[in-house]
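Quick note, the sequences are listed as chains A and B, same order.
At position 76 of the first sequence the residue is numbered 76 (this note's numbering), and the sequence of numbers has no breaks.
If you want this note's numbering, it's the 1-based position in the second sequence plus 274.
Mixed in with the good hints there might be a few duds.
[Said to hold, decoys possible] Quick list of the computed label-pair ranges, beta carbon to beta carbon: (1) Ala134/A / Ile386/B: 29 to 35 Å; (2) Asp218/A / Ile457/B: 49 to 55 Å; (3) Ile361/B / Asn105/A: 50 to 56 Å; (4) Ile361/B / Gln104/A: 42 to 48 Å.
These are computed hints drawn from the structure, not numbers from a lab.
Bear in mind the structure is a predicted one, so any value in this text is a computation, not a measurement.
The beta-carbon is built from N, C-alpha and C at its ideal position, and this holds for glycine as well.
Okay, here's what each chain looks like letter by letter:
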Amino acid sequence: MTTDMNADSYVTEDGRTIGPVVMDLKNITLRFGGVVAIKDISFDIREGEIRAIIGPNGAGKSSMLNVISGFYKPQEGEVYFRGSKRPQMKPYQVAQQGLARTFQNIALFDGMTVLDNIMTGRLNKMKANIFQQAIWKGKAEREEIENREACEKVIDFLEIQHIRKTPVGRLPYGLKKRVELARALAAEPSLLLLDEPMAGMNVEEKEDMSRFILDMNDEFGTTIALIEHDMGVVMDLSDRVVVMDYGKKIGDGTPDEVRNNQDVIDAYLGVSHD
Amino acid sequence: MPEQLLFAIEVTLNGLMAGVLYALVALGFVLIFKASGIFNYAQGVMALFAALTLVGIQQGQVPFSHLINAIFGTHIHHFPWQVPSIIAIILAAGVMVFFAWLVEKYILQHLIGQPDIILFMATIGLAYFMEGFGDMMWGSEIKTLDVGLPQGLNVAIDETTYGWFGYGFFIDNLDLVATLVAIVLVTVLVIFSQYTKQGRALRAVADDHSAALSVGISLRFIWVLVWSIAGFVALVAGIMWGAKSGVQFSLSLIALKALPVLMLGGFTSIPGAIIGGLIIGVGEQLFEFAIGPMVGGATQNWFAYVLALVFLIFRPQGLFGEKIIERV
Chain A
1 MTTDMNADSY VTEDGRTIGP VVMDLKNITL RFGGVVAIKD ISFDIREGEI
51 RAIIGPNGAG KSSMLNVISG FYKPQEGEVY FRGSKRPQMK PYQVAQQGLA
101 RTFQNIALFD GMTVLDNIMT GRLNKMKANI FQQAIWKGKA EREEIENREA
151 CEKVIDFLEI QHIRKTPVGR LPYGLKKRVE LARALAAEPS LLLLDEPMAG
201 MNVEEKEDMS RFILDMNDEF GTTIALIEHD MGVVMDLSDR VVVMDYGKKI
251 GDGTPDEVRN NQDVIDAYLG VSHD
Chain B
275 MPEQLLFAIE VTLNGLMAGV LYALVALGFV LIFKASGIFN YAQGVMALFA
325 ALTLVGIQQG QVPFSHLINA IFGTHIHHFP WQVPSIIAII LAAGVMVFFA
375 WLVEKYILQH LIGQPDIILF MATIGLAYFM EGFGDMMWGS EIKTLDVGLP
425 QGLNVAIDET TYGWFGYGFF IDNLDLVATL VAIVLVTVLV IFSQYTKQGR
475 ALRAVADDHS AALSVGISLR FIWVLVWSIA GFVALVAGIM WGAKSGVQFS
525 LSLIALKALP VLMLGGFTSI PGAIIGGLII GVGEQLFEFA IGPMVGGATQ
575 NWFAYVLALV FLIFRPQGLF GEKIIERV
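Whenever a hint applies, use it, and build me the whole structure from the sequences.
And the structure:
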């Protein structure tokens, strides 16, 4: 079967529909003082796909994710979100537009329970003003119940019912990662960014996480962009892969294309300079 | 009941109510410290400034009248009107919200990501600026604050206790009102932070800035919000203390009394601020009552600090503060 990946939308071999471009990055350059972290990189993310960004340590992957989520402001280049150019935005404004993310070094609210953490993911869905909340009956109560139900769905989905009321600070690493994912998922994002979702996990935890990512994409149609070191995982999960090295893009395409790309092989295995 | 015991109970009750006033000041510190990790040295001056503003508005004082008179050679002091207490309080609260916005825009904004000590220094600068600014705006003379709160001996309690024990307790009406107000204030604050959307956002910001940003919370909004609430708490503290001892410079020094309260209760706990205030209030009254005469009195001046020091040795995080555990 051949698929035309340049069409507006196409259907993958496992029957998922990949839609038009959601996020389009054009000629992004990011510098920290004299250090060039990202150099003239362009790629796009399409609706419904799982897009991976890979590369050796220090390649600029996390910087790229931070540009997309608004934490870093690139010196050059443009970000198009759903077809329109995105102006300079603060990270919280980007989040309000429908982007959710997780962090490489887990950023959770340690003092709050798992449920409260996940509920913060839905803050932007709550519209009742302070007076309506003071009265509580009516809009505020209705909203709280609706959002609580949505959170319970996410909790069921990620199988963390048993720790619902536990303060996050007490959880082990693997579960924290899962709670962080739950918080991001609760926002019903139109694009979900995962910064090394499987870093530091054992094989079993990695398998669980892979399953969650695939199911998320399959059941909710969530568009996902992720950074990951584990090659096997990346090649299994993703529809398309961007490869970065020293801040430059050296490959972009399906896992098979990337695997056979000579530049990528050189970057990963090293190349003899003679 | 023996006279001594009754007297001790009376001292304890009065200590509890003095403690409530300490707790009110400490509460302002805790709110800001929790949400932004800043120890706001200016909290005491904020109470002074709020009280000055309230009195000024209420009595129809012309702001900056000294300055205006000096420049234009005029002799204006007061507008020809007085503002009812309740409206003056609302307006003063409005001024504190505006002040919060200014602090965020002109100070905090520019210091994002700086070490805590820099932010602390900034609040010291802010404290002295506000002190001078308050004097310039409203004049530096001692003012009486009267928003119609009842003052003096509570006759009902005096008579009831006299009927029971043959000894009338002396309880100040103002202290009773302060206690009630503090209870209402704390209840509202706890409900706000636990059950509202903004409260949840506030706790989120207190916990982790990046994570808060990533779920779409605006740090600026939360900071303005929390400084506004702290300003409002300062206003309440200013009203209570101002009604008790007049609005004057020494009002800003009550902040120093809040320090031992914070060490005792923990810098990050709202209930801690309340319990800490009560312990200090009761502790210093009872200590003065029992030990004071043996050591020549005036133990209130130092007792709180010594108690805080002892606490620091055995429980550095305070009674309710977050445990300091570093995972290695």
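Hint check:
Judged by the Cβ atoms, the range 29 to 35 Å given for Ala134/A and Ile386/B holds: they are separated by roughly 31 Å. Taking 49 to 55 Å as the suggested C-beta distance range, the pair Asp218/A and Ile457/B conforms, at roughly 53 Å. Taking 50 to 56 Å as the suggested C-beta distance range, the pair Ile361/B and Asn105/A conforms, at roughly 51 Å. The beta-carbon spacing between Ile361/B and Gln104/A, approximately 53 Å, falls outside the hinted interval of 42 to 48 Å.
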